[in-house]
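J.: Protein chains in written order, with my numbering: chain G, 1 to 172; chain P, 1 to 778.
FYI, nobody ran anything at the bench for these hints, they're computed from the structure. You may find that some hints are simply not true.
What the hints assert, rightly or not - Derived pair list, reagent style SDA-like, types lysine to any residue, alpha-carbon separation capped at 25 Å:
(1) P:Lys417 - P:Gly385
(2) P:Lys310 - G:Pro77
(3) P:Lys310 - G:Glu159
(4) P:Lys302 - G:Thr36
(5) P:Lys658 - P:Glu626
(6) G:Lys60 - P:Ser280
Said to hold, decoys possible - Using C-beta positions, here's what the derived DEER-type ranges look like:
(7) G:Asp53 - P:Pro661: 46 to 52 Å
(8) G:Asp88 - P:Asn415: 38 to 44 Å
(9) G:Glu68 - P:Lys417: 55 to 61 Å
Claimed, not checked - Computed, partial: chain G to chain P, Cβ under 7 Å:
(10) Arg70
(11) Ile114
(12) Leu151
Heads up, the beta-carbon is just placed ideally off N, CA and C, and yes, glycines get one too.
The lines below spell out each chain.
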Amino acid sequence: RIYPLMRVTLTTSDGASVTVSRQLTKHSGFIEKAITDMAVDDNAVPLSAVAVDVDDATLKLVIEWLTEHRDDALPYPEKTDEERRADDIPAWDQAFVQKWDTKEDQQQTLYAVITAADKLDIKGLLDMTCKTLANKINGKTVEEMREILQLECDFTEEELAEIRKENAWCEN
Amino acid sequence: PYTTSSLSLSHAAVSLIRVQTTTKMDARASFRLPGEKVFGAAAFGGAGKPPQAMFKALRRLHGHNLENQGLNDMTEAFQSFVTRARFFSVGKLRRTWSHSAVEFMKYRRLLPMLLADGQAFDGGETDDFDAALAFQATSKDDRKVIATNVSSRVTPPQLQAFFTQFGKVSHCSLPREDGKKTSIFATMGRSTKTCGVATITFKTAEGAQKAREATPEQLKFYDQEMIVQAYVSRKRGGKGMVMADDSKNEDDRQSMTSSTQSLASGNGAELLSPDDLPPSALERVLAFMPIQDTIRLERVNKKWLETSMKSWKHISSISLYRDADHSFFTKSNPLRNSHLKAILSRAAGHLRRLDLNGIVHLLDSKALQIIAERCPNLIELDLSGVRATVDSLQELSETLPGLRNLSYRDMINANDKALWFLIKGCALSMRVVDLRGCRRMHGRCLRLFGESLEQLLLDGCSRVDDRALEDLCTGASRVKELRLNECFLLTDENINMMARSLVDLQVLTLCGGRFSRLSQEGLMHIARMENLVELALDYNPLVGDDLLESLSACLPLLQSLSISNAGTDQSITTRGIEAVARMEQLEQVDVSCLAAVKNVSLVEMARRLRNLEVLQLRNCVYLGDEGVAALAACSRLRHLDLSGSMLVTATAVQTLIKAHPSQEKEARPTVTIVVGGTAVDANQLRVRGSRVAINFSDFSSINGLAASTSAMGAAAGMRRSASLHNSDDEESDDDFESLTAHRSFYMDAVAGEEDSPLDEKEMLEWAEREAKELGLLK
Chain G
1 RIYPLMRVTL TTSDGASVTV SRQLTKHSGF IEKAITDMAV DDNAVPLSAV
51 AVDVDDATLK LVIEWLTEHR DDALPYPEKT DEERRADDIP AWDQAFVQKW
101 DTKEDQQQTL YAVITAADKL DIKGLLDMTC KTLANKINGK TVEEMREILQ
151 LECDFTEEEL AEIRKENAWC EN
Chain P
1 PYTTSSLSLS HAAVSLIRVQ TTTKMDARAS FRLPGEKVFG AAAFGGAGKP
51 PQAMFKALRR LHGHNLENQG LNDMTEAFQS FVTRARFFSV GKLRRTWSHS
101 AVEFMKYRRL LPMLLADGQA FDGGETDDFD AALAFQATSK DDRKVIATNV
151 SSRVTPPQLQ AFFTQFGKVS HCSLPREDGK KTSIFATMGR STKTCGVATI
201 TFKTAEGAQK AREATPEQLK FYDQEMIVQA YVSRKRGGKG MVMADDSKNE
251 DDRQSMTSST QSLASGNGAE LLSPDDLPPS ALERVLAFMP IQDTIRLERV
301 NKKWLETSMK SWKHISSISL YRDADHSFFT KSNPLRNSHL KAILSRAAGH
351 LRRLDLNGIV HLLDSKALQI IAERCPNLIE LDLSGVRATV DSLQELSETL
401 PGLRNLSYRD MINANDKALW FLIKGCALSM RVVDLRGCRR MHGRCLRLFG
451 ESLEQLLLDG CSRVDDRALE DLCTGASRVK ELRLNECFLL TDENINMMAR
501 SLVDLQVLTL CGGRFSRLSQ EGLMHIARME NLVELALDYN PLVGDDLLES
551 LSACLPLLQS LSISNAGTDQ SITTRGIEAV ARMEQLEQVD VSCLAAVKNV
601 SLVEMARRLR NLEVLQLRNC VYLGDEGVAA LAACSRLRHL DLSGSMLVTA
651 TAVQTLIKAH PSQEKEARPT VTIVVGGTAV DANQLRVRGS RVAINFSDFS
701 SINGLAASTS AMGAAAGMRR SASLHNSDDE ESDDDFESLT AHRSFYMDAV
751 AGEEDSPLDE KEMLEWAERE AKELGLLK
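Excised from the complex, chain P in its bound form:
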């Protein structure tokens, strides 16, 4: 039995190590708790430390794990896991593991001790371990007691020390309530309180016995009398957690299970079967399950076959990536035409929305025929990633006259002809069309659209020419949202025409740096689009003070303005930023990486932009405390990103923290302040009693910018938004890499503060000098 267990463990370990070497986030599901345990075991195996010390460390790790409720929260848990992995020197661990599977075998008998807390694990998580281990774990029940009514001020070590009066304690677990988390980063304190129930494992059964027989007086700790009861493992049928008001009953285990038992057997002997559930409830259960599970249930029995079939009518939308539990279709088992057929023949006519984006598939023209045959009522369709012949696209388009939303993203091979026929059949009814990243498209198909078109996304369609946009302006005059990032063939005349004919236009984006046929004068036409609500011009070098001033004067409805990295240091000056400050209705502003953002202009912004909710100030290197502190006046602020603005210190951030106290009466949103890459010292920040959450990541790196621009939704100017599954993964990898890299850099910087050769004044001088040399400052 040991061999099998350690085999399954070493599987998990291998996957864990893959996590470490490649930081693949796709290990999300597999890695979780088993990985964590193995990590502990692996540390055992190799590093020739005395077992005692190692054991202690593992205990702590394990305890932490329990507190985290077994890595349930991916982001936070992963963060802290990595922090701890670094602490344990993962490199060593990895080297160790490559040759120490055998070594590990020696220590396998210690595993049950690590797994001792049967209470905290449920079956699913211990499944990786064989029965022998589980048995050893439960045989320890005699040595365990449960203490309830534990004062919330008691810490596990204190409790452990307290119980040593009855005998040696080998482990003491005091789980915490899963309270509000203050931060996703492990460095921040966790303000959760203990739930008042502890499990204490004694070295011997006598100790447990003594504890159970102790008088109430003996059990008084921190003014609260604890109640000690025998431990009943959940595996053996107890309730797992005993409520605090249960009577103190030493060996009557029955009483602990009584309340649920009486319920189960209360209505006489007959047992409820799932078949007795109301059919509507059953269908609801099925509707919550991934597609392949719903189909698998058909084989259980006749009633469930029927229920399973019926449950499809509740499903009007299928996104295969999400609904089919995307780990099901992998590179070795991609979604094939026949799978799609099986799914669609069940969902059939009820389906309104189908999303094939992101799934690993082998779909082709035939798949489109299947969709065309089976789903006549589709309203929304995302075909991104499905290559097909022109004929099949045409057929599909003609059978779906009711289609309103169509996505066909990143189809770099789709030529004008294919898109023409894809859109032709249903062009006049379409409302939302997303063709981002169709690089070969010249845009002849744009003339097909009619007045129903509301949103058109053409980011990265760099061959869409001026004629196509003229056609669009003529045909689809009611367009509300037009995203034209990197449509570099745009001309001044196009913008002029848009301003004239697209009277409803609310959202316009023109991000990107190579609009060779546009001029500053051309951009001025934007000021005539008086219904604009959102405007993004990131990385657009043509933006200047004049443009900002006329925008400020002419766009009364603008709520979101994004001009990060726009213009040049000469073209955008304090005058431009002050023009932005005059647009008092603005709610979201991104002025990252602009040299013109200085204290004076920010004070002005804070004074006038009362509705400000999101403000991005990344890499504003001239911005100091004075400007940031002024933002305390913006009471509706939700998100402030200061990453990379290196002159900002804790003083300013603390002012903001104070300005947003947590109010009990009305629940107001948390205010996130990102301070990575600034001079903010975490030790000087006090967030208690405030609804501000400090985020120590630095989004100002290239990676961060790319990811966050799309996150803000205002601008995807840096690159076409990658929508394929694989590229998404890479993206998160990169993010993660840069995140941890920055974090460790930051932590090192904080730890080694004394080593810094410059004091603050010198640093300012140095920064100024550098700036002068670079011509940024006169």
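Chain G on its own, in the form it takes in the complex:
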């Protein structure tokens, strides 16, 4: 069921509100569910408002992505195991993500969008951003991984030595 003319108002966590077409929100499991829950009777849903736990800037990016991907197939095709690969991000998406790739940003935008995609249940966006993050970590040494992810090592020396010994074969 598609209602291309219906519009939905989304209220962000920082108080802003955006009105978007239903054609975009149908890709978000969260919004779609909220709308259908709200629709008490079948055809009298002129305008719905949904509060989303996402900040304004991130929501803008999500909407930008949804606008580009509005014609994607629904339901989102579940990945079979054969497709479990990270190197098939479409060109537009790559460029889209690349714009955030700055030093100041430190993947903040990426994390924000991943979280938003997870909250809003937009599988395509979630997959794409997760792949992007996976690509950043792929093939790096443990130290590089820590640096990219900006994580502290909280293992003791002994623990570390033990894991290293066990996994020595997958270090180059």
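Starting from the known structure of chain G, arrange chain P on it as the hints suggest.
T.: Then chain P, alone, in the frame of chain G:
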């Protein structure tokens, strides 16, 4: 610093040259962009041309590289790379390189200029170069400007000429959008449009300054007012590409980074850490990573150790060749039993599917024990390439009662006993069994299968005897797919029995030329298998007109028929082809290399086979334009292979191109027409507004045939499908060799058209005369 950089470069160069000398495709990963750059640098080193001209050539090469988005698309980029390599005379390059590492050092200072476009490279690609070079590159930022709102009609040279009004321009880059590619071959035009953002590098900083201060009127070009902004390198924290609607702001670099910055710092000072991500999303990230990276992540910290372990539950299928990033396990670091144990102890009970095929390994019987111990829930298992004792095979088989799919391909040492015990434990539940290339198998194990068996692939099992097939027909009567290419001990009685007892049989293949115990009468039993959907009889000399006629009359469901190289010129005549034309439900037809395929019969086929999607007409030497043009009536056509059918010209192909216009409303599949080795002249083809893609390769050579038969999936009759990693590589090498060889031959032929001693009419006469002498034509 220079030494180290040029060392890493010369590494890449050496690998590049290996690419050239051996055309090893395994250089896929390593060679990419660095190789390309070095190729440029190498050309610098040796060929004593004036640097100016060489520089220009390199610029162009580099520009092309940028347009290609840095060789991302392997096939296309590799093609065009090789084309250019030929242009630059690689032989010379190679000779040069063997002694010119020193020479190269002299030119290393020119490298930053080649790498000037910081914008177009991301970190990964410039990693090969040391910091000093990168610094030089960024210090050029003052001389660069970014122009946006550039008309899509402007070409880089035009733009460069336009900006010389502000000062000398040393480089102008106008990247193109990565649009739909019309062809995988470099000869075809690229119908991409520019993205409207250009980077212009001036010789001096003053030029850049002037450009930035220019009035809008001065910046009007092709009716569009360009907007010029200061260049901010991504390395220094800009957004890289400035959006066209940003205000014209000369030196406020902050504003360009503002939108992302505000986002990052918008929620107050606290920064997000990956630990804040929802756990399900984290696990999803990990599930997209190669196995060894997932394991390596365990050492990052405790939270990630936990996440990494949890992420395994999403993995129900492991194909080591694919998932472990096959370049990880190499000849010097093969997969060992202990590695398999480490992986399987993590994936453990969730695993449904395990594929060990193709990986370089040292696995043995112990590996089977590991699998047996840890993966009780396997449904699919591919053990091809793992040699093991009979005992361990038996143990494995007994612990996997739920196994449905089993592959054990090309195990030429596996004898009947080993296969018997491998299959025995789970025989009654098995659905798909692939034993292709087990040459020593006589087939006693075939009696073990029960009614659940649906697919059995025995291609190349040339010792499987008639008794084994009788057993199969008795036990596994619900088989749907039976591939028996090169099972030469098959008898007439076997086929008769198959027709009687395998009532569900949908796919049957009997390709190969040495079925000494079969006769034409025996094959006639196939006509009684009325549920057949796919039939392949390539290279089978017993095929004749009579068989085709009875197939045509009796197999109402047949959708795919492959009879390339079948029969003889006497046994298959126009009558046989017309019988094929009467099977109106056919979707895929392969009638390559049949002398009987002529214009008349093809016109008939085109008229009746309305569902035709794939048609192979390789080496149909009597086929002319009239027949091919008639195919315009087949509106569902997706793939047409004319390679080697030498009488076909551009006229017919153009008719087909016109018959398949691109429609905006419904996205219909592209139609591929392969025209290598035909008389088609690329210059006469106009593909605009059509969804036809022309492929200029010639698959009609022996190599091409072998590769493509398996590609079509209808027939792997020529040889057993090679599944080992190494042989795969060789195969692609051969393909590649023949592809380029044919292409260059073809290009030479097109270029030197005037030299051809024969005109068309003479050529026809000549071909006919030759044919007569060979007894092909009466």
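J.: Flag every earlier hint the structure violates by its number, smallest first.
T.: Hints 4 and 10 are the ones this structure does not satisfy, whereas the remaining hints hold.
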